[in-house]
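S.K.: Here are the chains, one letter per residue:
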Amino acid sequence: DQQVKQNSPSLSVQEGRISILNCDYTNSMFDYFLWYKKYPAEGPTFLISISSIKDKNEDGRFTVFLNKSAKHLSLHIVPSQPGDSAVYFCAAKSGRTGNQFYFGTGTSLTVIP
Amino acid sequence: DVKVTQSSRYLVKRTGEKVFLECVQDMDHENMFWYRQDPGLGLRLIYFSYDVKMKEKGDIPEGYSVSREKKERFSLILESASTNQTSMYLCASSSQGNTEAFFGQGTRLTVV
Numbered sequence: 002d003q004q005v006k007q008n009s010p011s012l013s014v015q016e017g018r019i020s021i022l023n024c025d026y027t028n029s030m031f032d033y034f035l036w037y038k039k040y041p042a043e044g045p046t047f048l049i050s051i052s053s054i055k056d057k058n059e060d061g062r063f064t065v066f067l068n069k070s071a072k073h074l075s076l077h078i079v080p081s082q083p084g085d086s087a088v089y090f091c092a093a094k095s096g097r098t099g100n101q102f103y104f105g106t107g108t109s110l111t112v113i114p
Numbered sequence: 565d566v567k568v569t570q571s572s573r574y575l576v577k578r579t580g581e582k583v584f585l586e587c588v589q590d591m592d593h594e595n596m597f598w599y600r601q602d603p604g605l606g607l608r609l610i611y612f613s614y615d616v617k618m619k620e621k622g623d624i625p626e627g628y629s630v631s632r633e634k635k636e637r638f639s640l641i642l643e644s645a646s647t648n649q650t651s652m653y654l655c656a657s658s659s660q661g662n663t664e665a666f667f668g669q670g671t672r673l674t675v676v
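In the order they appear, the protein sequences are chains Y and X.
Under the working numbering, the very last position in the first sequence is 114; numbers go up by exactly one each time.
Under the working numbering, the very last position in the second sequence is 676; numbers go up by exactly one each time.
If we strip away everything but chain Y, and leave its shape as in the complex, we get:
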């Protein structure tokens, strides 16, 4: 059963506009959330994370928002650039249930120049 879900397989955005990628989770024990970016034929690279004690974390053009009551998080990229075109994976983990990371199915972002 998929505990982390990314319901949008793909997203297209114009360069300079905002990209919003969404992620939902079902396990209320998750207390740490991460976003990874993956280019074809490469391994995923860590982008940004957020602990469940926060509702927002920002790093340059990337901001992650966490809504615990809705079990929802989102990644905002502003402004979007063509180099942001990649597959983005949402992941979650819980210190209480061990060190396993649970990944979503990914959203393929295309930023159109």
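Keep in mind that the hints are not guaranteed to be accurate.
Within a straight-line C-alpha distance of at most 25 Å, the following computed DSS-like cross-link-like pairs (lysine-lysine) qualify [said to hold, decoys possible]:
no., chain 1, residue 1, chain 2, residue 2
1, Y, Lys38, X, Lys567
2, Y, Lys72, Y, Lys55
3, X, Lys621, Y, Lys6
These are computed hints drawn from the structure, not numbers from a lab.
For chain Y, the structure is supplied; the task is to place chain X on it using the hints.
M.R.: Showing chain X alone in chain Y's frame:
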């Protein structure tokens, strides 16, 4: 910088062969993971290990085994490769606690 290195970028193997995928990390991480990535299915956990000689099954362990004889090395073994094991295989490592996992560059395995 943390480095996770997978032994091969591309592999082509025949059905029925025994296949070894090797992964080495240089940050003294306790945890190591093997995932496979398939279109529309995301990253699925095959096995993970939280200590030397320790292993835990992930979501899709069937047809695979693992070995962790040293802390820095985690091997994935396909006992008898089949065409449905054609995939991108990704190794990752992490330390204890709430930190990120670091991934290797991936191995694209094709079983013919």
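S.K.: Could you tell me which of the hints above the structure violates, numbers in ascending order?
M.R.: Violated hints: none at all, because every hint is consistent with the structure.
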